[in-house]
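Trainee: So the protein sequences, as listed, match chains X and C. Following our numbering, the numbering of the first sequence begins with 43 at its first residue and continues without gaps. Following our numbering, the numbering of the second sequence begins with 145 at its first residue and continues without gaps.
None of these hints come from the bench; they were simulated from the model. Quick reminder that beta carbons are idealized off the backbone N, C-alpha and C, glycines included. No false leads were slipped in.
Below, simulated EDC-like cross-link-like pairs (lysine to aspartate or glutamate); rule was C-alpha separation at most 16 Å, straight line:
1) X:Lys375 with C:Glu545
2) X:Lys75 with C:Asp157
3) X:Lys380 with C:Asp549
4) C:Lys572 with C:Glu553
5) X:Lys75 with C:Glu507
6) C:Lys174 with C:Glu243
7) C:Lys170 with C:Asp248
8) C:Lys373 with C:Asp352
9) X:Lys75 with C:Asp500
10) C:Lys296 with C:Asp401
11) X:Lys380 with C:Glu545
12) C:Lys341 with C:Glu328
13) C:Lys264 with C:Asp338
14) X:Lys75 with C:Asp158
15) X:Lys75 with C:Asp501
16) X:Lys129 with C:Glu507
17) C:Lys160 with C:Glu435
18) C:Lys572 with C:Asp549
19) C:Lys420 with C:Glu328
20) C:Lys464 with C:Glu435
21) C:Lys335 with C:Glu266
22) C:Lys420 with C:Asp273
23) C:Lys575 with C:Asp549
24) C:Lys537 with C:Glu569
25) C:Lys297 with C:Asp401
26) X:Lys129 with C:Asp508
27) C:Lys579 with C:Asp541
Which bits of chain C does chain X cover? Going by a derived footprint, with three or more residues having C-beta under 8 Å, they are:
28) 385-399
29) 463-477
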Amino acid sequence: MATTVEQPKAEEQAAAVAHSSAYISVSPHIKGKYSTSGIMWAVNIALAPAAVSGAYYFGMHGIMTLFLCIGASVLCEYLYELLLNQKITIRDGSAFLTGLLLAMNLPANVPFYIPLVGSVVAIVLTKQLFGGLGFNLFNPALLARAFLMISFPKILTTWTAPVESFMSSDAVTTATPLGILKIDGYQQLIETFGSKADLYLSLLFGNRSGCIGETAIIALIAGGIFLLATKIISWHIPVAYLGTAALMAWIFGAKGAFFAGDPLLHLLSGGIMLGAFFMATDYVTSPMSSIGKIVFGFGCGFLTMLIRLKGGYPEGVMFSILIMNCFAPLIDKAFQPKVFGSVKVKGRAS
Amino acid sequence: MSSFSFKGGVHPDDGKHLSKDKPIEKYTPKQVLVPMQQHIGAPAKIVVEENSHVLKGQLLGEAGGMVSAKVHSPVSGRVIKLTEALLAAGRKSAAVLIENDGLDEWVECKACSNWDSLTKAELLAKITDAGIVGMGGATFPTHVKVNPPANKKINALVINGVECEPYLTADYRLMIEYAKEILEGISILLKTLDITKAYIGIEANKPDAVKLFQDLTKNSKDISVHSLKIRYPQGAEKVLIKSILNREVPPGALPMDVGVVVQNTGTVYAIYEAVKLGRPLVERIVSVTGEGIRSPKNFRTVIGTSVSELIAACGGTQGKGKNSKIISGGPMMGFALHTTDLPVIKGTSGIVVLTDDKAGGGEDYSACIKCGRCVRACPMGLQPYMLGILAEKRMYDRAKEYKVDNCFECGSCTYICPSKRPMVEFIKATKMVLKG
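When you get a sec, could you build the whole thing from the sequences and use the hints?
Mentor: The following block contains the structure:
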């Protein structure tokens, strides 16, 4: 059945040998399609709908803050690496992402120096001084926000209502839904928005005061689904985070009675959607294993609700994720994968 | 589908379409360079002299120790000189250069059509005399593997027809074209091992091979055929045993410790030829393929054929760029070659030439972002990212805590890493340091 191939001529052999100076490296010789920069830019794209929505609701102030944060973060990364004679990594999209996330976590009409200070804290203090991408202990955007919150408490808690017209520079100061809930209670919150249905709809579509990128829940969910579908994130952290928060809101959310809270309100308000899909899922500062991620998500949800219901702040997403960031290495250590063959498995055949 | 599976793995584009429909073609070179080190263990000792005449199948090298294998002449002709040959892994080996007289004169082969009447010891002697080694690439001497110590009770023979390495189609063609011979080889092996149960594992991307073997074994209660999930490294020994029998080989242990002997289909075919036809292992199937090969083919060629000759017989290469690679073996675990001026040996399952756009590796890498993809991909349940970081920090001793020895370098972690970190390289370095 085997046919015989003719022997190649001498020049053909020479041609084959001419190919010989090929590239040498250790196996494997093929690589998968994921790249670090590809992942970072994909997360930026996933955040785009919510950022655009923030720009729509908060107008020129919102846009300015977005541009300032992104520009300052990228510039900080560039200058730091230039000064320390390091490889410039601004193309990998991670400084852009940090800037974008920082802006999305700020009120719209902050003074211009807030994005600048925040970017320095995020990029230089939180990320580069610890060794750059991959070595930071905390989510850079969130730690920067915590820094700003402590340094400029008034500015960081002054919220404006969505603008009437896009170019309008008038900013009407108003409380966030969670702020109203904390100070005036659940009934007052519903009355502020008219009815329960109006409240949910406003929250879902982002027509309320809050940070630039946290309000448009529907846009954040769309981005989250994109990240899940492209397997950039797994379901574990968002589901554990949101599930725990919803459960706690239902059980402890109402004053004076158990199992009477409004879980939907808690999921749709504040920064929990932005946090659960985009910040708690940050690879560097979250655990790797599936069980570890569930534990991490549970911790975030628990602490968020603890702060919302019992703490001094109306919102607890930022602190809860930062606290859980501290635990991430420990969680990784506690839930290591099972080494193949280390536990006896019962055989089928004999 | 098999009822069991393994955790982890990756799913690279398999590239098998390039050569899977190319029937095996015979190729005979004008001269051969036969290395004495074609197997794991001690090299064979040359027993011929320069200018002597040798017949095809005549002994060239006697086994150099307990774990070693005999080497035979792949052609009839004149020994030009005793010299050295470069091997794919970069080492050199003593070798015999023989000019093929083209007469194809075999030594006297003791064919044995009624092998069933032979004893276990006689069968084992035939396998030993034929110089058979694991032909999937590991090249462990087969006579050692099928003769486990008396305290290891073997109860299952697993036949590896997975060929999970992308591009390679040598085992596939062999299975399609020599199915009956392989099945007879399995029967010989079962008798040699003195057991009754054989399990043939074939990856589900070769449905015609699965169907063929299922049809041929449908009346057999001892041989079962398993279509396995398409997932690299399904064909790794430990992974295959897990997928078919749900037994896990413990760290540091061998398949025989869980009662299993695994043999590659190519090896089984060689056993068939050794016992039934009395022929030593002097030929094998080699896929010459990849986007960088003009006309990919599957060859049946003799040991010692020059790689550059086989590439030329496929019309040469194309699309050369600065990153293109020539690989001995598959792209996941094979060796990149800096020259094609080396011979095909018993473990050469293929020559894969990758063009610039397909070849990876050697590029700049960045810090680990702890995405966990490598941890999910590791079939051995290790944490490759940590092994990489420890190697970078030269904390080799701590790598022991992370069970670096359990890694068999399948490359899944390195394939999947978005930061393009060369984990296999880190791990190889760690193992070398720990060995001292």
